[in-house]
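Since the structure of chain F is provided, determine the placement of chain X on it from the hints.
Number of protein chains: 2
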Amino acid sequence: MPNPTAAMLVIGDEILSGRTRDANMHHLAGRLSAHGIDLCEVRIVADKQDAVVDALNALRSAWDHVFTSGGIGPTHDDITADCVAAAFGVGIDIRDDARAVLATNYPGGAADLTPARLRMARIPDGATLIDNPVSKAPGFRIGNVHVMAGVPKIFAAMLEGVVSELAGGAPLLSESVRIDRGESDVAEALGAIAARFDDVSIGSYPFQRDGRFGTNIVLRCPDRDRLDAATNEVRVLAS
Amino acid sequence: MPNPTAAMLVIGDEILSGRTRDANMHHLAGRLSAHGIDLCEVRIVADKQDAVVDALNALRSAWDHVFTSGGIGPTHDDITADCVAAAFGVGIDIRDDARAVLATNYPGGAADLTPARLRMARIPDGATLIDNPVSKAPGFRIGNVHVMAGVPKIFAAMLEGVVSELAGGAPLLSESVRIDRGESDVAEALGAIAARFDDVSIGSYPFQRDGRFGTNIVLRCPDRDRLDAATNEVRVLAS
Chain F
827 MPNPTAAMLV IGDEILSGRT RDANMHHLAG RLSAHGIDLC EVRIVADKQD AVVDALNALR
887 SAWDHVFTSG GIGPTHDDIT ADCVAAAFGV GIDIRDDARA VLATNYPGGA ADLTPARLRM
947 ARIPDGATLI DNPVSKAPGF RIGNVHVMAG VPKIFAAMLE GVVSELAGGA PLLSESVRID
1007 RGESDVAEAL GAIAARFDDV SIGSYPFQRD GRFGTNIVLR CPDRDRLDAA TNEVRVLAS
Chain X
827 MPNPTAAMLV IGDEILSGRT RDANMHHLAG RLSAHGIDLC EVRIVADKQD AVVDALNALR
887 SAWDHVFTSG GIGPTHDDIT ADCVAAAFGV GIDIRDDARA VLATNYPGGA ADLTPARLRM
947 ARIPDGATLI DNPVSKAPGF RIGNVHVMAG VPKIFAAMLE GVVSELAGGA PLLSESVRID
1007 RGESDVAEAL GAIAARFDDV SIGSYPFQRD GRFGTNIVLR CPDRDRLDAA TNEVRVLAS
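Residue numbers (the working numbering), protein chains in the order written: chain F, 827 to 1065; chain X, 827 to 1065.
Okay, chain F solo, but in the shape it has when bound:
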């Protein structure tokens, strides 16, 4: 049975402008690989309703799971929850369970929930909350879409709770072989190996260090025997 598939949607003006370098995508990719869920596509879009809604609808119909990051805070530029409600065609309002969770983050409890803070308790109808062990303001899941914060520490904490409850497939096993030659020197032999091992994903990643060219070969396959057999053939190229 093939692994479950996933996509990520980053709502991120700050990434697109070059101000911030995304960290959540790399974290999600590693976490899903380890859990046997194949991350198949990532999109980064601007903080604009049409862009978010269109991307979300495309991704949620194409893949088993969608993970979003960013845009669920209390400020005017946090539009993700509204976009998700619009994408699913459901209503959105302040919800009692989210309000109660949020109140635990402030010394005065519910009395400290200003209108801005209450924005973080607005949850699309039918969604279930995602726990935020760092700063309480919850994420949520609706259908196959998991909506999480953009702050890396909070994103990672929310993700742990989410991933632990998802069915994973076979963790993808991988091996790397470093070859101290340029990739064009090994391309033909490597292509022949790849053709014979069509169940093993074989990627070739050239690098340049201290003026010399080299190639990292990364082999990935859920089957240990097949992975080892292909890796042994690639090692011959490296020797």
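Check the hints yourself; a few may be wrong.
Where chains are identical, the list cannot tell them apart; a pair therefore holds if satisfied intra-copy or between any two copies.
To be verified - Calculated pairs, DMTMM-like style, for lysine to aspartate or glutamate (alpha carbon to alpha carbon, straight line, at most 20 Å):
(1) Lys979 with Asp1036
(2) Lys979 with Asp1006
(3) Lys962 with Asp1011
(4) Lys962 with Asp923
(5) Lys979 with Glu1001
It is worth saying that the hints were derived from the structure and are not from the lab.
Using the frame of chain F, we list chain X on its own:
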């Protein structure tokens, strides 16, 4: 006149598997911002022909420019040039100008061009070459799509040549204001400023450091006077 728009397409199994953290997107975002071209969308797809072709066709029809990274080397997993040809519905073959450029990278010149190396001279019909000052193997431009290597040093070198020939718009000016309070404390006042300055993009980015919450406000606008006026109002929130 609004700035030209752009999208990026990363062809990158190694990014999606979590093995490699993308560097080219962040570099492109900063470089385009400085040149007055608005990066509006990024997609990362697997090294699969259908995924690359579909994403490329969606992006090139939606935005003024598309920049791709990855998949133009000599190995079996380098499928970008073929995908671009398929997306444009044109042929692809080894081309004399690309072969001549490539030959300059090897001590024996054209005699060193093995079949694997010649794969890097396969260029879609109608494309023009993009100079690769690092390792010669050229990128190419066809229509509004700029196809570049994935190795960060080569991507950056190719991009310099490409961007210098593109018409830019007004470089987006930006100011940052750091506020040592959580963003929910300033959300309402900030929203009011954003509503009055609807020509200024105002983003709010919470952070947590040493257990304390803070908020970075980033204001962006091509007009210096409007940017300064909005920034001054935000600074009042910080004091």
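Status of Asp1011 relative to Lys962 across identical chains (alpha carbons, at most 20 Å): between (54 Å within a copy, 16 Å between copies)
Give the relationship of Lys962 and Asp923 under a CA distance limit of 20 Å: within one copy only, between copies only, both, or neither. Only inside one copy: Lys962 and Asp923 sit 12 Å apart there, 60 Å across copies, limit 20 Å.
Between Lys979 and Asp1036, at a C-alpha cutoff of 20 Å, which is it: within one copy, between copies, both, or neither? between (35 Å within a copy, 13 Å between copies)
Lys979 and Asp1006: within-copy, between-copy, both or neither at 20 Å Cα: Close across copies (18 Å), not inside one copy (38 Å); limit 20 Å.
When no copy is specified for Lys979 and Glu1001, does a C-alpha distance of 20 Å or less occur within a copy, between copies, both, or neither? So Lys979 and Glu1001 fail the 20 Å test inside a copy (29 Å) and across (25 Å) alike.
Comparing the model with each numbered hint stated earlier shows that hint 5 is the single one that does not hold.
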